[in-house]
Amino acid sequence: MEKKTAPIDRSKHVISIKGLKKSFGDLDVLKGIDLELYQGENLVVLGRSGTGKSVLIKVISGLLKPDDGMVNVLGMEVDKLAPAELQELRLKIGFSFQSSALYDSMTVKENLEFPLVRNSKHLSRKEIDLAIEDVLDGVGLLQTLNQMPSELSGGQRKRIGIARTLIMRPSIMLYDEPTAGLDPITCIDINNLINEVQERYNTSSIIITHDLTCAKSTGDRIMMLLEGRFERQGTFEEVFNTDDERIKTFYNYNFTV
Amino acid sequence: MKRSGKYIVSKRLDKLFLQLSDVYKFIMRFFREVFLPPFEFKEMVRQCYEVGYKSLALITLTGFITGLVFTKQSRPSLAEFGAASWLPSLVAIAIIRALAPLVTALIAAGKVGSNIGAELGSMKVTEQIDAMEVSATNPFKFLVVTRIVATTFMIPILAVYTGLVGMLGSFINVSQNEQTSLSVFIEDAFKSISFLDLFASLFKATVFGFTIGTVGCYQGFNSSKGTEGVGKAANSAVVVSMFLIFIEEILVVQVVNAIR
Ligand SMILES: Nc1ncnc2c1ncn2[C@@H]1O[C@H](COP(=O)(O)OP(=O)(O)OP(=O)(O)O)[C@@H](O)[C@H]1O
Ligand SMILES: [Mg+2]
Chain A
1 MEKKTAPIDR
11 SKHVISIKGL
21 KKSFGDLDVL
31 KGIDLELYQG
41 ENLVVLGRSG
51 TGKSVLIKVI
61 SGLLKPDDGM
71 VNVLGMEVDK
81 LAPAELQELR
91 LKIGFSFQSS
101 ALYDSMTVKE
111 NLEFPLVRNS
121 KHLSRKEIDL
131 AIEDVLDGVG
141 LLQTLNQMPS
151 ELSGGQRKRI
161 GIARTLIMRP
171 SIMLYDEPTA
181 GLDPITCIDI
191 NNLINEVQER
201 YNTSSIIITH
211 DLTCAKSTGD
221 RIMMLLEGRF
231 ERQGTFEEVF
241 NTDDERIKTF
251 YNYNFTV
Chain B
258 MKRSGKYIVS
268 KRLDKLFLQL
278 SDVYKFIMRF
288 FREVFLPPFE
298 FKEMVRQCYE
308 VGYKSLALIT
318 LTGFITGLVF
328 TKQSRPSLAE
338 FGAASWLPSL
348 VAIAIIRALA
358 PLVTALIAAG
368 KVGSNIGAEL
378 GSMKVTEQID
388 AMEVSATNPF
398 KFLVVTRIVA
408 TTFMIPILAV
418 YTGLVGMLGS
428 FINVSQNEQT
438 SLSVFIEDAF
448 KSISFLDLFA
458 SLFKATVFGF
468 TIGTVGCYQG
478 FNSSKGTEGV
488 GKAANSAVVV
498 SMFLIFIEEI
508 LVVQVVNAIR
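From first to last, the protein sequence lines are chains A and B.
Numbering-wise, the working numbering puts 156 at position 156 of the first sequence, and it's gapless, one number per residue.
Numbering-wise, the working numbering puts 319 at position 62 of the second sequence, and it's gapless, one number per residue.
Hint data in this document are derived by calculation from the structure and do not stem from the laboratory.
Heads up, some of the hints might be wrong.
[To be verified] Chain B stretches covered by chain A per the calculated footprint, using a threshold of three residues with CB under 8 angstroms from any CB of chain A: (1) 379 to 386; (2) 506 to 512.
[Unchecked claim] With beta-carbon atoms standing in for the labels, derived distance ranges: (3) Arg-48/A / Val-280/B: 34 to 40 angstroms; (4) Asn-492/B / Thr-235/A: 29 to 35 angstroms; (5) Asp-271/B / Gly-32/A: 28 to 34 angstroms; (6) Tyr-253/A / Leu-318/B: 56 to 62 angstroms; (7) Lys-80/A / Asp-279/B: 21 to 27 angstroms; (8) Ala-84/A / Asn-492/B: 35 to 41 angstroms; (9) Phe-274/B / Lys-12/A: 38 to 44 angstroms.
Heads up, the beta-carbon is just placed ideally off N, CA and C, and yes, glycines get one too.
Just chain B, with the same shape it has in the complex (with noise of 0.2 angstroms):
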């Protein structure tokens, strides 16, 4: 075999779109089989409570010292121009736009993603997949599709927890520090958000919650064989999903901020 760098580079080249156009056909399946009875209900709303169960701790824990600490970082700078009065309405703007979908994403792909993908990998490794196949289960149906709604409509859920629960860490602070009652705060805060702000947060939030699910199941579906395999499906649903999150986020932002 010739192992001239072109070789390699378009083996790795076809590799990559060999895997994408399996990505491809991955999620034209889940966009299939989601609509097509039977449906797994009871199964889907174990899974949903398991995403919520994974991730509230620390993502009550993150969302409220993320709105404790940025407030208080924030105060000094703003107080330089004499506008700690605004504080509230910054606080909103950066958790409701930005952080709240992302810091919830972010966990969710590492305490969720990764136990969807090693769950997965390790039932695909010791044939568990093909058992429920061959005892007449749509084991994508049961396994897949299920995984992939519940982290769909739950990101979004928590990401509105996370914005409740930081706005609730930033009010402790302004609280003791400028005197401000809750209802000013609601009402300084709630001044500089939109309703597009809203929107564009809880779909950015769906996108992330349907990327989580996704990758995560992808990679434990496809996960090779041995227990080396398991491990990789969980890690790799990590690192996708972070990687692709970020991606979103971007994009996302510029179409944002070209509708305003």
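Pulled out of the complex, with its shape left as it was, chain A reads as follows (with noise of 0.2 angstroms):
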């Protein structure tokens, strides 16, 4: 499926970041990234493995603090807010995990109503039930809802994963690696989810990935992390468009393998 435009508010941008520097140790990760995620758009962030995607967006959503840098995330810097805002804001985000980060103590029904239950006390068992029946109907699961997370396969898993974040409403939804170890057509029901996500829930997207089909057919805009900064940016065609070899080796490896 192409990718219907959604409309998207250049005008207005949901997540800004200037100069973040992360390092571990003696590793610099991150070495002075700037990105501005702007309302509506779907945003890919490619990057091979180890270079600091997923660190990326876990200071997106203050579970790594910055070393350096801003990081302003609707209108709030992340890094400075108390713990009640953070939580507050965290509401807004849903974060989709690369290893799907089910609860695997819990059926797939605890594990949709788990951050509902306990941030929305004003609901009632019904209105709880009825939202749990409506995501777990959007990613198309409604059979599961009684299995444990040990009983569904990878590409279940994701789709659960994401629809326990949209089960918040989130304004942002944070991929990290929605397609790996998916195989190519499961890869291509995942694309088409995140598109519909965007379409149905309005919201602004950040997509980490390594696969190249991915971020074709879900991104607005692509940007491309090499050794800790983004070196390119733009459209699908703009970015791979170029005669640096390091990302020349990237696009081929992706479609030769």
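Join these two chains into a complex; the hints should help.
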């Protein structure tokens, strides 16, 4: 499915990062990153394994603290928020983890209701059940309601992980390698799901991946992370129309293996 | 890099002190968060149930056998001095002062402690702890505080139970051999037990429980990435907490003896 172009409002940014640096001990992972995510946009961040893509979105969601630079999400500086404010902000951010991160001691239903029951105490049992049914239907997995995560396939786990974040109706979605480890057809399903989510819930998303098919079918704009910095950005064609050997290698590798 | 012996020793020492300060911070964080709302009562009750349920069968068996065998093995030496009638009080002293809390704690360290380490370790490795944090639930409170409270609360209760089962084992053996009635047995047994003994035992069990929960949670919560990290967390949860339990046992005994 080709992406329908949803309206992107380039006058409004939901995430704005300037000069972000992050190192672990002697290892400089992010060496000064600038990034803007506009309202309604799907931004793809490409990069090889270990370049700090996961670190980047963990900083955005406040799981890691930046060493230097400014990280502004929905008008708030993430690293300067009080715990209560950070909690508030986090409810507006959906985070789909690289490893799905479903709670494996809980059923699918309990996984989905976990964030809801704990953060929206005013809801009745009936409303909660309806919300669960709604998101589960949205990802096409109603039949798994009472299954345990260990009984699901990798692609199903990814979908449930996405559903669990959607149940809080976030305005920003962060996807960490949504298609990693899945077969090509399941990848296409997930890509479509990402686009559907954007249309249906009107989210702005950052999609982290090293899968070019995913980048091409979901990204309105693509940024290429190389050695701790963003080297190129633009549409898919713009990014890969270059003489930079490193980017060419990345492209060829993806489409020859 | 120079790899002289001195360098390696100081690096190891550095690491040890870093870890100790880490543990200190972990414990302080527990005391800060345990008194702050929201209280995860439901999860706490579930964890208490888990602790009891996981160790009950093994504790029953071990407690019973300990009491029975201890009585059986002590009889000949006492009988030599014609003092077989002291058996109930000897057994009561051994079980209530030392064995009940110790046996309970060691078994719980093996069953409950390793389980906490593995459970939290695998949650850490598969990003479930991060997922909880970004869905605006404090994972330290939900996972760590509830588990430490559960072990601290449940181990003393289980220790009392172990004591009772151990005494029952002893009584069965005594009643077979010396034809002592239950009331006489109880009277004999508790003659030599003071309030201080009971208090010290409960105190010990509480400390052991806190140790098991804290060590298990610390190891799991700080487990390294990769599946191997989970195994390590479970393993060191058991080894470290058993080691600490023995040290605490020795310390408390010294203090109690000084008071007595
Ligand atoms: N909490 C941490 N402590 C220490 N080092 C870390 C931590 N998190 C990440 N790193 C290091 O930062 C680097 C970047 O890690 P990151 O997980 O962001 O890579 P990635 O781009 O997401 O790669 P992949 O595609 O494999 O997921 C790695 O070398 C990793 O070892
Ligand atoms: Mg990653």
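Results of checking the hints against the structure:
1. 379 to 386: The restraint on the segment 379 to 386 of chain B holds, since 5 of its residues have a Cβ under 8 angstroms from chain A and three suffice.
2. 506 to 512: violated (count 0)
3. Arg-48/A / Val-280/B: 34 to 40 angstroms: Distance hint for Arg-48/A, Val-280/B holds at roughly 37 angstroms.
4. Asn-492/B / Thr-235/A: 29 to 35 angstroms: Violated, since Asn-492/B and Thr-235/A (Cβ atoms, about 51 angstroms apart) do not stay within the stated range.
5. Asp-271/B / Gly-32/A: 28 to 34 angstroms: 31 angstroms, holds
6. Tyr-253/A / Leu-318/B: 56 to 62 angstroms: 59 angstroms, holds
7. Lys-80/A / Asp-279/B: 21 to 27 angstroms: 25 angstroms, holds
8. Ala-84/A / Asn-492/B: 35 to 41 angstroms: 38 angstroms, holds
9. Phe-274/B / Lys-12/A: 38 to 44 angstroms: 50 angstroms, violated
Checked against the numbered hints listed earlier, the structure breaks hints 2, 4, 9; every other hint is satisfied.
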